[in-house]
Amino acid sequence: MADDIVDVLIIGAGASGAAVAWSLADTKMRIVCLEQGGWMKPSEYPSTGRDWEARAMGDYSPSPNRRGRPEDYPINDDASPIKVVNFNGVGGGTVMYTAHWPRLHPSDFRTRSLDGVGDDWPVSYDMLEPYYNQNDRMMGVSGLADDPAYPANAVPQSSRRLMPPLPLGRSGRIWGEAMNKLGWHWWPSDATIATEDYEGRAKCINLGHCTPGCAQGAKASTDITYWPAAIRAGVELRTHCRVKRIVTGDDGMATGVEYFDKDGTLHFQAAHVVVVACNGIGTPRLLLNSASEQHPNGLANSSDQVGRNLMFHPYIQVFGYMDEEVDGNRGPPLNLWSHEFYETDPERDFKRGYMLQISRGNGAVAEAIASHENGRLPWGADHHARFRKLAYRKLNLSVVVDDLPEAHNRVTLDPVLTDSHGIPAPKVDYTIGENSRRMIEHGVERCKTVLHTAGARDIGVQNPIVFSGWHNLGTARMGDDPRSSVVNGWGRSHDVKNLFIVDGSIFVTAGAVNPTSTIQALALYIADQMKQRLDTLFD
Amino acid sequence: MSSTVSFPPPAWGNPELSAVEKRTLAAMCARMIPASEEYKVPGADDALIQADIAKSLGRDATAVHNALAQLETIAGGSLADLPIDQQETACATLRAEAGMDLTLLTRIILQCYYRDDRVMISLGMEPRPPFPKGHELPQGDWSLLDPVRARGKIWREA
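Chains A and B, in that order, give the protein sequences.
The opening position of the first sequence corresponds to residue 4 in our numbering, with each subsequent residue numbered one higher.
The opening position of the second sequence corresponds to residue 21 in our numbering, with each subsequent residue numbered one higher.
Keep in mind the hints are simulated off the structure, nothing from the lab.
Beta carbons are placed, not taken as given, at the ideal position from N, Cα and C, and that holds for glycine.
Any given hint could be a false lead.
Said to hold, decoys possible - DSS-like, lysine-lysine: derived pairs with alpha carbons at most 25 Å apart:
| id | chain 1 | residue 1 | chain 2 | residue 2 |
| --- | --- | --- | --- | --- |
| 1 | A | 247 | A | 500 |
| 2 | A | 31 | A | 451 |
| 3 | B | 42 | B | 75 |
| 4 | A | 451 | A | 354 |
| 5 | B | 75 | A | 206 |
| 6 | A | 354 | B | 173 |
| 7 | A | 451 | A | 392 |
| 8 | A | 31 | A | 392 |
| 9 | A | 206 | A | 184 |
| 10 | A | 184 | A | 451 |
| 11 | A | 44 | A | 265 |
| 12 | B | 173 | A | 392 |
| 13 | A | 500 | A | 451 |
| 14 | B | 173 | A | 44 |
| 15 | A | 184 | B | 173 |
Said to hold, decoys possible - Partial list, derived from the structure: chain B residues whose beta carbon lies under 10 Å from chain A:
| id | residue |
| --- | --- |
| 16 | 59 |
| 17 | 130 |
| 18 | 138 |
| 19 | 139 |
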């Protein structure tokens with residue numbers, strides 16, 4: 004069954020697909036987005052029920068392998084110490100993220116020139132800054148201006164429409180005082196959580212369970228930010244439509260895609276332009292599944308870079324316990340960040356650096372499970388007394404490591420595993436590199452130092468957090484050289500000139516921060532480049 | 021209490037516990053989290069909590085059946101029929117030998133125990149979901165950042 008040709012076909016309705024759809028909508032072109040999941044219902048999010056913590060480990064688990072919803076596809080990540088986590092549906096990963104909103108640093112775009120590692124990006128911080136700002140206005144950001152870790156906050160607060168920061172809370176006060184004793188940088192995290200009513204979104208009421216969907220609507224996910232605006236502007240969003248492969252013609256250009264609709268019927272959707280927005284796992288999977296006679300190694304893969312250079316950001320959690328109660332789950336898990344160790348220091352035995360992501364704490368169930376499994380919570384008569392020294396007393400922070408690109412860390416197709424439509428599933432092979440290991444060692448010691456300074460006891464380390472593969476980056480990298488990159492400096496495939504990629508797979512390096520703000524800024528930048536080049540788009 | 025899907029796919033395993041399994045589970049739960057007069061909390065073998073566990077097997081039904089079967093093997097029959105000290109020995113052996121199946125079972129037990137009204141009240145928590153009431157948090161004093169501001173820029177020119 005063939006559908007009418009559309010001007011632009013976007014695959015994926017998550018962070019980047021939504022942003023590019025909204026930006027391109029003002030061209031008045033016919034734009035269709037295919038999304039394998041459906042619309043979310045905030046009234047069904049876990050925080051509306053008494054079993055909210057259990058559901059975060061079940062039907063709202065971040066692991067698609069555990070969650071197993073019909074719209075999820077399985078991922079073979081047995082050969083990786085870090086397991087892939089994601090969410091599939093309108094909004095994609097923004098439905099199920101912490102809403103942490105740091106930007107990359109200017110130095111992240113020039114790691115080869117500055118530090119001799121990774122590669123330089125074909126874009127710079129300055130080029131992206133207007134799009135970071137535009138994206139901030141669309142998503143709505145809370146925070147505190149003038150963070151000395153960033154040039155961005157040097158601009159007046161009003162230009163970013165920054166909402167007041169998330170509450171410091173009891174935990175934040177303890178962290179801040181400890182950081183000040185050490186003379187370290189810290190700052191309230193920028194977050195896409197509305198702290199005042201914003202563009203139809205109600206303000207945060209500290210449900211404390213933001214990650215698996217915000218029932219209040221305070222957390223920005225693209226189903227409630229970009230998509231309503233894009234649809235009003237004429238974009239068509241088709242849900243429960245899973246793309247099988249991108250089809251190319253005799254001239255090597257993309258002609259459209261084959262996709263299964265919600266009834267399992269296979270369609271061909273013709274398109275003049277195809278935009279891939281499936282994240283750093285889904286995008287290489289789709290390109291590799293789109294191999295053809297003309298593209299035997301997968302689409303857009305003459306460089307052999309599709310699927311390579313996977314970067315995760317290893318997360319290492321370090322935690323301890325206070326004698327007094329702290330915040331626990333009584334507020335957004337986000338609290339503060341520290342960029343004290345972000346930039347390269349020649350005195351250290353690694354290049355680049357890491358962010359410290361400082362969180363609040365756990366609910367009772369999460370604390371009980373974590374402490375039971377790490378041996379802190381015993382069976383028997385001592386169980387209750389011990390738990391009362393743990394519950395709502397945890398301080399935790401994570402070392403978020405700048406994961407450098409390495410070609411052997413890659414996504415391929417599993418020879419056996421398939422999704423419910425029979426489409427080959429991705430296979431992940433990944434190891435933590437030596438530079439990252441040294442960085443982790445340094446970071447863990449600094450975390451212990453600040454925990455001791457804060458007065459915490461019973462300090463523990465989880466290295467790495469196993470289910471922390473949120474940030475799937477680098478598997479279709481951008482660059483000026485077609486021999487070593489998949490897309491050019493404005494997101495167009497070197498090989499297929501009407502094929503664009505706009506998600507985290509085009510990252511050249513990972514930085515050491517949550518990537519969503521940069522993913523969306525890049526998507527807006529690429530959309531703007533497309534609009535400026537409409538007459539010569541395929542030249 | 022669980023609101024996961026009503027009709028679990030067969031791959032999750034049988035969602036029902038047999039009468040023997042229920043007795044074994046209750047005996048194990050009593051060893052894991054006993055009732056406490058001091059804290060005014062039931063044990064995890066409490067009938068309401070057991071009922072919650074029994075209907076919350078979900079994705080882990082197969083693991084639960086496996087763990088309970090392993091425990092019965094270790095106990096040489098029904099755990100519940102053994103004297104307390106032998107029950108504790110059997111549970112200790114299970115914990116030493118069992119892998120992910122027991123981990124998944126204990127997660128369900130803890131999920132159900134720590135959402136029980138009586139337990140939550142004992143911990144000083146309101147027995148309610150987070151939404152719609154939310155929580156109060158102190159906004160805090162941002163002058164705590166003055167030393168950070170005074171230090172100035174730390175980002176690197178590129």
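Status of the hints after comparison with the structure:
{"no.": "1", "hint": "A:247 / A:500", "result": "holds (20 Å)"}
{"no.": "2", "hint": "A:31 / A:451", "result": "violated (55 Å)"}
{"no.": "3", "hint": "B:42 / B:75", "result": "holds (12 Å)"}
{"no.": "4", "hint": "A:451 / A:354", "result": "holds (21 Å)"}
{"no.": "5", "hint": "B:75 / A:206", "result": "violated (35 Å)"}
{"no.": "6", "hint": "A:354 / B:173", "result": "holds (20 Å)"}
{"no.": "7", "hint": "A:451 / A:392", "result": "holds (19 Å)"}
{"no.": "8", "hint": "A:31 / A:392", "result": "violated (60 Å)"}
{"no.": "9", "hint": "A:206 / A:184", "result": "violated (33 Å)"}
{"no.": "10", "hint": "A:184 / A:451", "result": "holds (14 Å)"}
{"no.": "11", "hint": "A:44 / A:265", "result": "holds (18 Å)"}
{"no.": "12", "hint": "B:173 / A:392", "result": "violated (40 Å)"}
{"no.": "13", "hint": "A:500 / A:451", "result": "violated (51 Å)"}
{"no.": "14", "hint": "B:173 / A:44", "result": "violated (43 Å)"}
{"no.": "15", "hint": "A:184 / B:173", "result": "holds (19 Å)"}
{"no.": "16", "hint": "59", "result": "holds (5 Å)"}
{"no.": "17", "hint": "130", "result": "holds (4 Å)"}
{"no.": "18", "hint": "138", "result": "violated (12 Å)"}
{"no.": "19", "hint": "139", "result": "holds (8 Å)"}
Checked against the numbered hints given earlier, the structure breaks hints 2, 5, 8, 9, 12, 13, 14, 18 and satisfies all the rest.
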